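Chain by chain, the residues run as shown.
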Amino acid sequence: MPEVVSSDTRVDELKEFMAQFKGKPRAEANLIAILHKAQELFGFLSKEVMDEVALAMDIPTAHIWGVATFYHYFHLKPSGKHTISVCLGTACYIKGAEEILNKIKEELKIQIGETTSDNLFTLQEARCLGACGLAPVMMIDDKIYGTLTPKKVMEILQSYRKKKA
Amino acid sequence: MKKSVIIYINDKPYQVESGQTIMQAADKLGYHIPRLCYHPKLSIEGACRVCIVEVEGMKNYVASCAYPVAEGMRIRTHTKELRTARRDIVELILDNHPDDCHTCERDGICELQRLAYAMGLRHRHFEGEKKNYEKDLSSASVIRDPNKCILCGRCVRICSEVQKVNALGYAHRGFKTVVMPAYNMPFSESVCTTCGQCINVCPTASFVEKNYTQELFEKLQDPGYIKVAQIAPSVRAAIGEAFGLEPGRAMERETVAALRKLGFDYVFDTQLSADLTIMEEANEFLERVKNNGRLPMITSCSSAWMKCMEQFYPDLIENISTCKSPMSMMGALLKTYFADKIKKEPKKILSVAVMCCTAKKYEAARPELRVNGLPAVDIVVTTREIAWMFKSAGIDFVNIKGEDFDKPLGLSSGAGTIFGVTGGVMEAAIRTAYEIYTGEPLMEIEVNQIRGLQGIKEGKLDLNGTEIRVAVAHGLGNANALLNTVRQDPGRYHFVEIMGCPGGCIGGGGQPYAGSNSTPLDEECLKKRAEALYGLDRQKIIRRSHNNPDVRRLYKEFLGKPLGEVPHKLLHTHYKAKEPRGIVSQEMTLR
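Residue numbers (this note's numbering), protein chains in the order written: chain S, 80 to 244; chain B, 267 to 857.
Please keep in mind that the hints were generated in silico from the structure rather than gathered at the bench.
Check the hints yourself; a few may be wrong.
Stated by the list, open to error - Chain B is faced by these chain S residues, among others (derived, beta-carbon under 8 Å):
#1 A106
#2 N109
#3 G122
#4 K126
#5 P139
#6 T140
#7 H142
#8 W144
#9 F149
As the list claims (entries may be wrong) - Calculated from the model, a selection of chain S residues having no Cβ within reach of chain B, i.e. all distances over 10 Å:
#10 L110
#11 Q190
#12 A205
#13 Y224
Please read these numbers as outputs of a predicted model, since none were measured by experiment.
Yeah, the Cβ is synthetic: ideal placement off N, Cα and C, and Gly gets one too.
Work out the full structure: start from the sequences and follow the hints.
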């Protein structure tokens with residue numbers, strides 16, 4: 080797990096980002112933007128990062144924790160190298176998205192929201208990726224894969240594993 | 267002058283001030299619209315929808331807690347349709363609530379239960395999904411049970427708005443929303459000051475104190491112990507309410523009698539150790555004044571304030587009086603002086619404190635307050651817990667014949683009595699410090715400038731030409747404002763009193779729940795409790811701590827001089843900056 084240390088330049092960047100709001104009226108209203116920035120820098124929101132935000136912005140950690148847990152966008156644990164989003168929207172669902180999802184869960188031995196032990200994949204569910212014509216679909220990072228079958232899914236996962244090797 | 271408007275409630279015209287909500291206007295006119303998440307001391311949440319009313323011309327019902335009155339507004343408060351809607355709303359709240367009223371700690375004194383009854387919920391239509399979370403039992407004082415939470419948010423609001431501690435927040439969303447400390451940390455590791463105000467405002471048993479009644483019942487049966495109780499001033503001012511008595515009726519001697527009936531061998535008064543606190547604290551203060559010590563000196567009696575101070579005001583540690591709280595002073599005496607006196611081993615003494623406070627449970631567990639390796643106080647029970655024990659044991663508290671405290675630690679001055687109300691410690695200290703410094707007794711013994719429920723109070727005192735400026739704050743939010751002033755202008759005050767709870771100890775987190783006709787922390791109720799203590803003070807011949815003959819004897823026989831070697835060992839303590847993980851609280855940052 081990445082630790083926040085003062086020598087980490089990402090901390091400086093986050094602090095710089097927060098500095099622009101300081102002293103402005105309702106500075107705390109920028110919390111979501113700040114958490115976005117933090118996640119962009121660190122990949123997820125660790126307690127240490129949220130503590131930094133709390134101190135710099137004078138926002139209670141209990142409140143930051145509330146915002147961080149409210150939005151699915153924010154990750155509280157480190158994500159894998161690749162994020163798989165399986166669409167469970169209506170069209171995909173009818174076309175067998177559940178089977179696809181179960182196959183991935185079985186293959187990677189993780190549940191939704193979890194990351195594989197080799198840190199390669201994080202699994203997420205998605206609600207319509209706007210590619211219903213290709214249902215069932217999934218997205219890995221920002222690439223869409225359509226007309227999936229369990230067999231095709233296996234091949235795709237394999238290709239990412241090979242890339243790593 | 268505010269503009270007035272004419273509104274109609276249930277077709278009756280009323281002239282009311284504009285700028286208030288329908289609920290506020292209706293309250294004054296005798297319509298108590300049912301409510302749940304609303305609390306007069308807190309911001310408006312509008313979450314529960316129980317307080318809906320019909321407003322002519324509006325398509326939907328409006329939440330009366332949040333909707334302002336307007337000229338010509340026609341409001342209906344209890345039509346058949348409204349009553350059905352409200353009943354359904356409460357039923358839906360209950361659907362996710364555990365159906366365990368008959369085994370619940372708040373059975374019979376539960377606001378949700380009362381509301382369901384008043385809404386006429388006699389039949390349940392749905393079986394909702396139940397929550398299944400673990401209780402947080404980590405804190406020495408406060409237990410959090412998310413399963414009973416109905417998300418009214420009063421706890422979150424009192425913690426952030428009144429106490430400004432911000433220990434609690436909402437986490438997650440929708441059905442999975444849970445009120446919890448940051449990072450879902452155990453309470454014991456959070457910034458929770460253990461003040462217990464969340465318990466006071468919780469309408470269910472989602473927050474309760476850590477209960478020691480069973481343990482105490484067991485120990486009271488154990489012949490191996492000498493069982494000794496001490497009672498905080500504010501317990502006697504409020505315990506009657508738990509038995510349906512009007513607020514403000516002091517039940518001092520009745521409580522003593524009931525504790526004996528419960529099985530205590532000795533019943534002592536925390537007010538005596540409050541007198542002792544004053545002897546030490548007044549001398550400590552004068553010492554600081556004479557020797558240019560760190561000022562303002564800040565009081566240290568309130569345990570929630572102690573935890574708060576160590577977390578948020580470590581820069582002020584040197585300002586804090588080193589005096590232990592009266593409870594811990596009494597505990598220390600019980601395990602030394604008193605044990606000697608009755609020729610018993612200190613470990614055979616069961617030291618029980620009956621307190622208006624939940625934070626005292628935390629204080630009792632603080633390791634540095636142990637005396638010769640033993641806890642100074644073995645068990646702390648709140649006013650609520652002891653009232654329940656009286657009921658459970660079948661003690662007829664209301665009709666009991668009063669009895670006197672035991673010797674040698676039962677006699678107190680009026681100064682010790684008023685410790686329980688905001689400004690009381692300061693007033694008591696002034697009564698004594700004045701006389702020590704000037705050699706003359708203070709004539710105007712009732713220091714009115716620091717009485718009352720105003721958030722921050724200031725006063726001045728003339729000590730033979732030296733002006734002493736004092737300030738008093740109650741509730742940690744008010745304390746925050748006052749201490750920020752102190753930080754900016756350290757020379758402004760010489761002496762500052764801080765109490766963690768609104769109203770002081772009389773509004774403590776362990777006091778009886780509000781009854782069916784009152785709101786938690788109702789100011790009128792607090793005023794009556796305060797008046798009960800001021801009344802006891804007025805009845806006393808001895809109203810100055812240093813005139814308490816038992817305190818004098820204690821110094822003569824055992825303690826020596828105030829601030830001397832024995833008091834230093836037994837009656838004083840020290841503090842350490844604490845930095846609970848990842849914590850910061852708005853307006854309380856150290857930067």
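Unsatisfied constraints (hint numbers, rising)
Violated: hints 1, 2 and 3.
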